[in-house]
Amino acid sequence: MLSSRRAYFLSKLVRYSFTFLLILSLNFALPRMMPGDPIVNLLGEEALHNDPRMIERLRAEHGLDRPLHIQYIGYLRSLARMDLGYSIHKNLSVAELMENSLLWTLLLVFPSVVIGSILALLFGSLAGFKNNSRTDFLLTALALLFYTCPPFLLAMLILSIFAFHLGLFPLGNLTSGGRLGLDYVLDVAWHLFLPVAALSLLGASYKFLVVRNSVTQIFDEQFIVAARAKGLTERCILLRHVIRNVLPPFISMVALSFGFMVSGALVVEIVFSLNGMGTLIYDAVVARDYPIMQGSFLVLTIFVLAANFAADMLYGVADPRIGGPH
Amino acid sequence: MEMARDFLAHSRLQLIGLFILILFLAVAIFAPLIAPHDPEESKTPYQPPNQEHRLGTNDIGQDILSELIYASRVSLTIGFLAGLISVLIGATLGMLAGYYRGIVEEMVMATGDVVLLIPGLPLMIILAAYLSPSMWNIVLVVGLLWWCSTARVVHSRVLQLREMPFVEAARALGGGDLYIIFHHILINSKEVIYAKFALAVASAMLTEASLSFLGLGDPLNISWGEMIHFAFSRGGFANDMWWWYLPPGLMICACVLGFVLIAMDPERSQKAQEL
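Order-wise, the sequence lines are chains Z and V.
Okay, so the first sequence: first residue is 1 according to this note's numbering, each after it adds one.
Okay, so the second sequence: first residue is 327 according to this note's numbering, each after it adds one.
Chain Z on its own, in the form it takes in the complex (with noise of 0.2 Å):
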């Protein structure tokens, strides 16, 4: 019984060592590989405003006249010293300037994460439940207005609505500052609220749709008719026979929805003017700050990809059948 869960956990393990590899693979492809000169691929587009000399020595600096191999084992090291490259155009180390950024990201993603998902479980079971009702139709026709609408828009709406019209939030940054404590978090509580709801909704919209449809499915299927004619009540058959079914599942269309959610984080943190990941590429994307997008990138992906084993992990355990006798 140990040695099957111990064979899954192993395969996936494998299986994401495999990932990790092939991404950092990608991102050491793509400078080289796209239009333009690497050296600007590599530096940004601020590395031509510097003189020839200094030009070719950082072209001797990042090996790219050797071979291939030699500047992938290159590349590999100093990414094992955590050095990302460097922003000429920022004046800093890609690493530094991400190190806040990057905690502001995940303070915007996890919280949000968390709440969509409870809301579509929550609301999807209760529309698939109650199937073709009004309270079905109205739930439905929410999450397809939130799903259609595209994320910065939301945002928008939401800022203009509440913070701007009604006053009600900040117009945006993280902190009011000069506060410490319980107050200060409270205070980011308070910047972060609207941002979390509008990713939140963003993400709840998708995965309610698919819960109603499972949940709709499984009331078809035979066993559910046979817990009927056991003379459940409808509440137990509900919490007990369907939401069972849907969860393992729901756990990974949660861990899989971790990418949507960063990249809807990056736009909503864009309106909001926090200073995480997103604003930080959108400066690097306006400046042609190439190592900062690759940076991102290849930071963002890692945690994606952490997301997700930590996900099939949690689904090792909570799929009986995983690690059952076969």
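For the record, the hints were derived by calculation from the structure and aren't laboratory data.
Every residue gets a Cβ at the ideal spot worked out from N, C-alpha and C, and that includes glycine.
If you anchor each label on the Cβ, the simulated ranges turn out as follows:
hint: 1; chain 1: Z; residue 1: Thr233; chain 2: V; residue 2: Arg497; range: 49 to 55 Å
hint: 2; chain 1: V; residue 1: Ala580; chain 2: Z; residue 2: Leu232; range: 39 to 45 Å
hint: 3; chain 1: Z; residue 1: Ile302; chain 2: V; residue 2: Ile355; range: 42 to 48 Å
hint: 4; chain 1: V; residue 1: Glu378; chain 2: Z; residue 2: Ile302; range: 49 to 55 Å
hint: 5; chain 1: Z; residue 1: Leu22; chain 2: V; residue 2: Arg427; range: 19 to 25 Å
hint: 6; chain 1: Z; residue 1: Ser133; chain 2: V; residue 2: Arg427; range: 40 to 46 Å
hint: 7; chain 1: Z; residue 1: Leu182; chain 2: V; residue 2: Pro374; range: 41 to 47 Å
hint: 8; chain 1: Z; residue 1: Leu247; chain 2: V; residue 2: Pro491; range: 31 to 37 Å
hint: 9; chain 1: V; residue 1: Gly387; chain 2: Z; residue 2: Ser252; range: 50 to 56 Å
hint: 10; chain 1: V; residue 1: Ile386; chain 2: Z; residue 2: Leu247; range: 49 to 55 Å
Below, a sample of chain V positions facing chain Z; criterion: calculated Cβ distance under 10 Å:
hint: 11; residue: Ile452
hint: 12; residue: Phe558
hint: 13; residue: Cys579
Given the coordinates of chain Z, assemble chain V onto it according to the supplied hints.
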């Protein structure tokens, strides 16, 4: 009885979707006839909505309504082509993986899993930033990264089909692989593929909007997302000029909704609708 009502309810949604899309298509095709002004022409900037300019003018004095009408061409073209590319790749790979099994299947599915894991927007930002800003590059970037879910769905459909008696019969009668794929498998998965195509266009339009919002759009072919980018970065949003950023946003919503609605089919609702 209930099934009939269910069917009607669903196909009514599909009809609404179709109606929305035809409307948008008409606007895009007849843009020069409908638009009240030349979208390139500059007048007084930052005008609020008035008799002459129903939706006001933007930062360089262009009529927003006309810009909106012309932008439907760009947004629809990008969404349609990117969706087409992603579905062509996804359906081909899913078909090959499901039909031939073995090493092909493992390779395709493993690659798909990796691509699904990568957060889409950051990678697309890098690709779009390296390539020159043109709508064709956006079509490529979005299309090439959006095939995995189609591949998955087509794959599982083909897995079902290949074991069915009529496929076995065709094989027993000496039908070649190509014949069976084109005459039996493809025909029987076409509804899944159509639904996936509509959803792929919806996703592609949303992704294009985000990329354009970030300023990676084609400066010569303004899309709805790009209009919002300009409204956002040039003070339209900060000054509460809703007539500038809201209409393109609503256009995106309505158009995406149209594509999502036509993908709603009562027969196989669940699997294919995994967006």
